[in-house]
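Enquirer: As a plain string of letters, each chain reads:
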Amino acid sequence: MAKHHVVTTVNGDPVEFLCESGETLLDVLRNQLNMTGTKEGCSTGDCGACSVTVDGRLVCSCLMLGVEAAGKKIGTIEGLASGDKLHPLQQKFLEHAALQCGVCTPGVLVAAKALLEKHPDPTETEVRYWLAGNLCRCTGYDKIIRAVMDAAKDMRSGRHAG
Amino acid sequence: MRYAAPETIEKACHLLASEQGLARVLAGGTDLLVQIKTDVLDPVLVVDIKHIAEVRSITNDAKGWHIGAAVTGAELKEHAALRAAWPGVVEAANLIGSTQVQGRATMGGNLCNGSPAADSVPALIAAGAMALIAGPNGRRELPVEDVMTGVRKLALTKGEIITGFRLPARPKHGGDAYLRFIPRTEMDIAVVGCGVALAIDDKGVCTAARMSLGAVAARPLLVADAANALVGTKVDASALDKLAAAASAACRPIDDKRGTKDFRIKVAGVLARRTAQFALDRAHGKTTQTH
Ligand SMILES: Cc1cc2nc3c(=O)[nH]c(=O)nc-3n(C[C@H](O)[C@H](O)[C@H](O)COP(=O)(O)OP(=O)(O)OC[C@H]3O[C@@H](n4cnc5c(N)ncnc54)[C@H](O)[C@@H]3O)c2cc1C
Ligand code: FES
Ligand code: FES
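Residue numbers (the numbering used here), protein chains in the order written: chain A, 1 to 162; chain B, 1001 to 1291.
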């Protein structure tokens, strides 16, 4: 069976890859494009560790085929920092110690960024519901929520230009 | 497995109809890809319908709404006019999964996956939605309550796909709602789900009502007896009692880890009453939030 030749955009860069029909976008990102920031927790849509954006929309990359990425704009955790400069969310996660093992963290960050782009001023309840599909076995969530709220506040006041 | 992404309905139906082996529609993939991953299904062909414009759009005119089968939950929620007209349908679709799942999950997939607990289905049934079907032999329509015939069983024949749903215009004083009972507040499967749509006249008397229950039988049920208990009343306490009793009486549930038969039967009545109250408040013009 011939592989699909897929032309797409990842974090603003044009990318091409070959994939089998059954390969998920998560498989392609990790195994072919060596973008291992996106994590695999469950591979059944339950944990959110594989969260990416597709044309700005938050999705689980384990529940999307690689071939479906053709012509889309994919956003992954690798696109958050600009060079050495961390994204405000990443900075706040460090300051609040909002991660332990870190397996859920890329997914949480990508999901939180998607939220703040839509709603720069969310309530705590909104943050909790938005992130309900991002499971964390370590932190107990409170620090994650506090870090997101704090980053949102800084980003609104423009204290972080990047 | 082969993957195809046709740009017309006709092509999609032809591909599905002419495949000898197991062929499946791919909409959001939030059921299908899980089933492939866990070896529940092993299709030789998946036909991605998301490149077909007709199944991706929401339109409306004086007669009502057309919602493409592959419109995602997130897109439904962002459609302010649809949300105002059929808040129960949009909210039900938005109970499906997480934000991530919402970005992909569709009402066509929710219905065609054939789960008795599918959240958007009782809301569509209550709203009086018609499923628009295309197949190798042309087009037809079925009331949504007639599409699922049992657990994972559909009234669709080989090569047929659902292209969309047709909903009536919201009645002048109309309201709808969908509530479900789950043991937590997010990310769980309905133990019981209930959709109610009703209309009242200028004096507040109920002129029409439809109600549907999910997760209490092998498929979502249209419960005409329950809805009829509201018609001709002001949806007062005694009408709601009759509705609740009819809802419980209609249940043919299973025992499982989420709830026993007795529990489901009881909850169906309680939920029916609450859902009808939300629908009534909306018919009276109140903007209420169910979730
Ligand atoms: C983490 C998680 C949580 C979930 N939570 C819920 C929940 O709370 N409530 C709930 O109801 N569901 C839930 N689901 C199940 C699933 O998300 C929904 O059923 C969803 O609506 C399926 O839509 P889809 O577009 O992803 O379908 P797909 O996976 O693309 O398709 C599902 C099935 O329907 C067929 N199909 C799809 N579209 C059509 C069409 N137009 N015509 C004919 N056949 C078609 C496919 O071939 C497949 O067999 C959850 C899933 C996950 C992964
Ligand atoms: S790996 Fe995709 S949701 Fe868990
Ligand atoms: S930090 Fe370990 S899973 Fe979240």
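A few of these clues could be false.
Derived DSBU-like pairs: lysine-lysine, alpha-carbon spacing no greater than 35 Å straight-line [claimed, not checked]: (1) B/1077 to B/1261; (2) A/153 to A/73; (3) B/1077 to A/118; (4) A/3 to B/1158; (5) B/1153 to B/1286; (6) B/1234 to A/72; (7) B/1037 to A/3; (8) B/1257 to A/3; (9) B/1153 to A/143; (10) A/73 to B/1077; (11) A/153 to B/1077; (12) A/3 to B/1261; (13) A/118 to A/72; (14) B/1011 to B/1153; (15) A/72 to A/143; (16) B/1050 to A/73.
FRET-style restraints, in silico, Cβ to Cβ [what the hints assert, rightly or not]: (17) B/1081 to A/158: 29 to 37 Å; (18) B/1142 to A/97: 39 to 47 Å; (19) A/123 to B/1057: 53 to 61 Å; (20) A/158 to B/1083: 31 to 39 Å; (21) A/3 to B/1277: 54 to 62 Å; (22) A/118 to B/1041: 29 to 37 Å.
These are computed hints drawn from the structure, not numbers from a lab. Small disclaimer: the values here were computed from a predicted structure and weren't measured. Note that CB positions come from ideal geometry on N, CA and C, so glycine has one too.
Enquirer: All the hints need checking, so say for each whether the structure fits it.
Expert: Here is what the structure says about each hint:
1. B/1077 to B/1261: Roughly 33 Å between the alpha carbons, so the hint for residue 1077 of chain B and residue 1261 of chain B holds.
2. A/153 to A/73: At roughly 28 Å apart (the allowed maximum being 35 Å), residue 73 of chain A and residue 153 of chain A satisfy the hint.
3. B/1077 to A/118: holds (13 Å)
4. A/3 to B/1158: Answer holds: residue 3 of chain A to residue 1158 of chain B is near 27 Å, not above 35 Å.
5. B/1153 to B/1286: violated (38 Å)
6. B/1234 to A/72: violated (52 Å)
7. B/1037 to A/3: holds (19 Å)
8. B/1257 to A/3: This hinted pair is violated, its Cα atoms lying about 43 Å apart.
9. B/1153 to A/143: At roughly 45 Å apart (the allowed maximum being 35 Å), residue 143 of chain A and residue 1153 of chain B break the hint.
10. A/73 to B/1077: holds (22 Å)
11. A/153 to B/1077: holds (26 Å)
12. A/3 to B/1261: With Cα atoms ~49 Å apart, residue 3 of chain A and residue 1261 of chain B exceed 35 Å; violated.
13. A/118 to A/72: Holds. Residue 118 of chain A to residue 72 of chain A sits at ~19 Å (cutoff 35 Å).
14. B/1011 to B/1153: holds (24 Å)
15. A/72 to A/143: holds (33 Å)
16. B/1050 to A/73: holds (16 Å)
17. B/1081 to A/158: 29 to 37 Å: The hint (29 to 37 Å, Cβ to Cβ) holds, given that residue 1081 of chain B and residue 158 of chain A are roughly 34 Å apart.
18. B/1142 to A/97: 39 to 47 Å: violated (55 Å)
19. A/123 to B/1057: 53 to 61 Å: At 32 Å between Cβs, range violated.
20. A/158 to B/1083: 31 to 39 Å: Roughly 32 Å apart at Cβ, these two residues keep to the hinted range, so it holds.
21. A/3 to B/1277: 54 to 62 Å: The hinted range 54 to 62 Å holds for residue 3 of chain A and residue 1277 of chain B, with Cβ atoms some 56 Å apart.
22. A/118 to B/1041: 29 to 37 Å: Since residue 118 of chain A and residue 1041 of chain B have Cβ atoms about 34 Å apart, the given range 29 to 37 Å holds.
In this structure, the hints that do not hold are numbers 5, 6, 8, 9, 12, 18, 19, in rising order.
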